[in-house]
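**Student:** Given the sequences, and given the hints that come with them, work out the whole structure.
There are 2 protein chains.
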Amino acid sequence: MAIPQRTLDPKRDGAIAAAITELTAAFGNRVVTSQAVREQHGHTTTWLPNQPPDAVVFPQSADDVQGIVKICAKHSAPVIAFGTGSSLEGQVNAPQGGVCIDLRDMNRIITVHAEDLDCVVEPGVTREQLNEYLRDQGLFFPIDPGANASIGGMASTRASGTNAVRYGTMKDNVLSLKAVLANGELISTASRARKSSAGYDLTRLLVGSEGTLGIITEITLKLSGIPESIAAGICSFPSVEAACNATIMTIQSGIPVARIELLDELQVKASNAYSKLTLPEKPLLLVEFHGTEAGTAEQSERFGEIAREFGGGPFEWATKPEDRTRLWRARHDGYWAACALRPGLRALSTDVCVPISRLAECVTESQRDLVESKLIAPIVGHVGDGNFHMLLLVDAANSAEIARAEAFLHRLVERALAMEGTCTGEHGVGQGKMKYLPEEHGEAALDVMRSLKRALDPQNIMNPGKIVTLGANPRA
Amino acid sequence: MAIPQRTLDPKRDGAIAAAITELTAAFGNRVVTSQAVREQHGHTTTWLPNQPPDAVVFPQSADDVQGIVKICAKHSAPVIAFGTGSSLEGQVNAPQGGVCIDLRDMNRIITVHAEDLDCVVEPGVTREQLNEYLRDQGLFFPIDPGANASIGGMASTRASGTNAVRYGTMKDNVLSLKAVLANGELISTASRARKSSAGYDLTRLLVGSEGTLGIITEITLKLSGIPESIAAGICSFPSVEAACNATIMTIQSGIPVARIELLDELQVKASNAYSKLTLPEKPLLLVEFHGTEAGTAEQSERFGEIAREFGGGPFEWATKPEDRTRLWRARHDGYWAACALRPGLRALSTDVCVPISRLAECVTESQRDLVESKLIAPIVGHVGDGNFHMLLLVDAANSAEIARAEAFLHRLVERALAMEGTCTGEHGVGQGKMKYLPEEHGEAALDVMRSLKRALDPQNIMNPGKIVTLGANPRA
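Order-wise, the sequence lines are chains A and B. The first sequence runs 91 to 566 under the working numbering. The second sequence runs 91 to 566 under the working numbering.
Simulated from the structure, these hints should not be mistaken for lab results. You may find that some hints are simply not true.
Which copy is meant is left open, because identical chains are indistinguishable; a pair holds if it fits in one copy or across any two.
[Claimed, not checked] Here are the simulated lysine to aspartate or glutamate pairs, EDC-like style, with alpha carbons at most 20 angstroms apart: (1) 312 x 262; (2) 312 x 510; (3) 160 x 537; (4) 359 x 262; (5) 164 x 103; (6) 160 x 533; (7) 312 x 112; (8) 101 x 413; (9) 366 x 99; (10) 160 x 451; (11) 464 x 491; (12) 372 x 331; (13) 366 x 412.
The model shown is predicted, which means the values in this text are computed figures rather than measured ones.
**Tutor:** In structure tokens, the structure reads:
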């Protein structure tokens, strides 16, 4: 992929070095420049090249973040925020070097307001840490992107995942943010009120901005009550189309499904082998319902009726935790099962999202394209949202295969855009999807994004080279 | 209130006149300059002075809107978008004159995608028009701010209303927008996909921006299925606190209440008199549940139990449309009932929103303050969101009373902000709430809003004098 490589630029590199000297004077051994730590922080899970920052700093407070950004701003040195490094499109790469701000030590859960169903956390808190903390109070934070990501990272990439069909994405579950801007100022984007019409929505401007407009230092999140009853079910279908139609009917009927996941034939085959299951090797829907006991029973029954209407069955469902886990094993182990199809190879996860009415078409055309491209990529979909993932298993040593994979990924995005969809439903833009933004948004809207970036970060020091560039010279 | 009056400015007024001449050449009798029409379009429902635009233009397409904005931009003439004029904080006033763009003729419902639960409409479509159109397809658009507002206006003010506790606000129900920017360019903010991580959230930037960043010409909305069963109920409580605590418990218990409205004692008294009801003159909660028959029955029963726990009762509920209407009459006629408390006076609606745990305190302190201020203002609250309205009944001829009312409104906002709330939950900023933004957001965040405004509207022609000004000279 045409990811800009770091060029030699003695002036810029001298400025970065000066910033690091000043940072070291201020933060001592919390500034790390060892090769290994730097490379970890340019971590990517794709075939994007590792582009390490020049130093990594570990702040312990918003004050620290302000101090770091002010020093970097003075020297025009890039700053890249880092959560757990689980982003998928090169969001933490440092194509122009600079200073990585690793927020792992800012991992305090500051307050839980149980009556208001909200909490205030630092950005380094992870999803699992938060849910463990909340469990005793009967509360949970529903956004689950799979990885044990940090809440700051999830906000930055507008993450979502399996529960989004019922609970929304990070866009819907962040009430307010504190963030340090490129000038070192700390802003608070909103009050703790459930809703507000008081001016521009700075919360939503920062959610999904991938550290290019500010560095998140505190997040107020909506929480949900742990449901009294959870019912899980699985059902095989004769075709992807049948499974998608059953999904559409489920949602149209107003059944408040909490999760509805599709595995394609190949993913089911992989799961049978890896998790020692005996599922029919056909497209599989996995569903989960949250509510009262009577409510989840009714929802499960209605879903079963809909599934049968579309040739699905048998529909197995369960409410006991251990039985639910058994039923959903194919989904939980899905990533590892997929990787085991071609052990030792690179597994590249990509995602697109289309209106649900086009989902079956998008999935089946992509499956056909895969076969024609001699590629292997099991599919897992958050089908209630029209969002699906393909895990391409590619031999990184085989340049012809990489070329075929790149061409395939390109057609996948083109296909989604042609169906009124988006190039990424939840992974974000980073470096990997930048090239699709002109086609998706049009030049006029992209110009608006560039204007916003210029207005808030005129020196282009906040995670430069991600989402939008500001001209032929990416620092211009 | 210290609303800037239109000053004499021959240069600006000459430029506006030149713009109107050019507009008339292009749009003929769709440009109207009669005093009556101009004053209608500066309509406010508050005591803000009427500040009419210099002309009103009626576009029929996005092309027309682009043409109008380009002419105005060329002459630096202000442009103010107009839906139905039901905004409450002077959003459509023209403090610096200029050209009002009335979108009433852009009222086509372009497409309904029933499978995707979305539709595409022009901004002049009204809420009732849309719901009438959708009814036969079993769909509805849930946002209900009371007035039969236009969808464009509702998006612009980030409207919400009684259903927001279940269905969210306009922020949550707009999938995508088309809008004409200050430079005349038309942008589309997003695809029709249910979710996306593809760059900055331009949709949410425009929602709630009150025409200060762009003029909305098309809206893609999420729709919901008309519920199979609707149950409505009412229940009196010994105190506002008891009613609020029952609300908190209802929401914490995960009961997916669709509406939960509070009327205070005074509003109940007003409704008894106006609608010939015999409700106990105590705080009243009105609830509505959406779901399956079994589901709404279970929700109603559980709510009844919670209500009893907090001393509420008797809990009356109904599922037949005519019975539901009877139970909710006090809410439906609430505005007129309140006005009838002091006939012939000005009724000034204001709103604030606080975390739900502070709601009882905020309401009761405000009631005490009212008594001490010798003012009358019945209260209606969307209590599931912590949002409530006070309808101040003020004798506009009595300047002492107006002064007391203004001082009261000021304390109301201060009280909400001190409780981590917002100066407006759903009415927006317009002119009336501008002065509270520095305290609510802080200067650093307000500077960000100003930077965004400057970036997208460097000439400050889009609805100037609303939300933020750009310096001592509001046109600077």
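**Student:** Work down the list of hints and note, for each, if the structure agrees.
**Tutor:** Structure-based check of all given hints:
no., hint, verdict
1, 312 x 262, "both (8 angstroms within a copy, 14 angstroms between copies)"
2, 312 x 510, "between (30 angstroms within a copy, 15 angstroms between copies)"
3, 160 x 537, "between (27 angstroms within a copy, 18 angstroms between copies)"
4, 359 x 262, "neither (35 angstroms within a copy, 38 angstroms between copies)"
5, 164 x 103, "within (14 angstroms within a copy, 44 angstroms between copies)"
6, 160 x 533, "between (33 angstroms within a copy, 18 angstroms between copies)"
7, 312 x 112, "neither (39 angstroms within a copy, 51 angstroms between copies)"
8, 101 x 413, "neither (62 angstroms within a copy, 77 angstroms between copies)"
9, 366 x 99, "neither (54 angstroms within a copy, 81 angstroms between copies)"
10, 160 x 451, "neither (50 angstroms within a copy, 41 angstroms between copies)"
11, 464 x 491, "within (8 angstroms within a copy, 80 angstroms between copies)"
12, 372 x 331, "within (12 angstroms within a copy, 56 angstroms between copies)"
13, 366 x 412, "within (17 angstroms within a copy, 57 angstroms between copies)"
Violated hints for the displayed structure, listed by number in ascending order: 4, 7, 8, 9 and 10.
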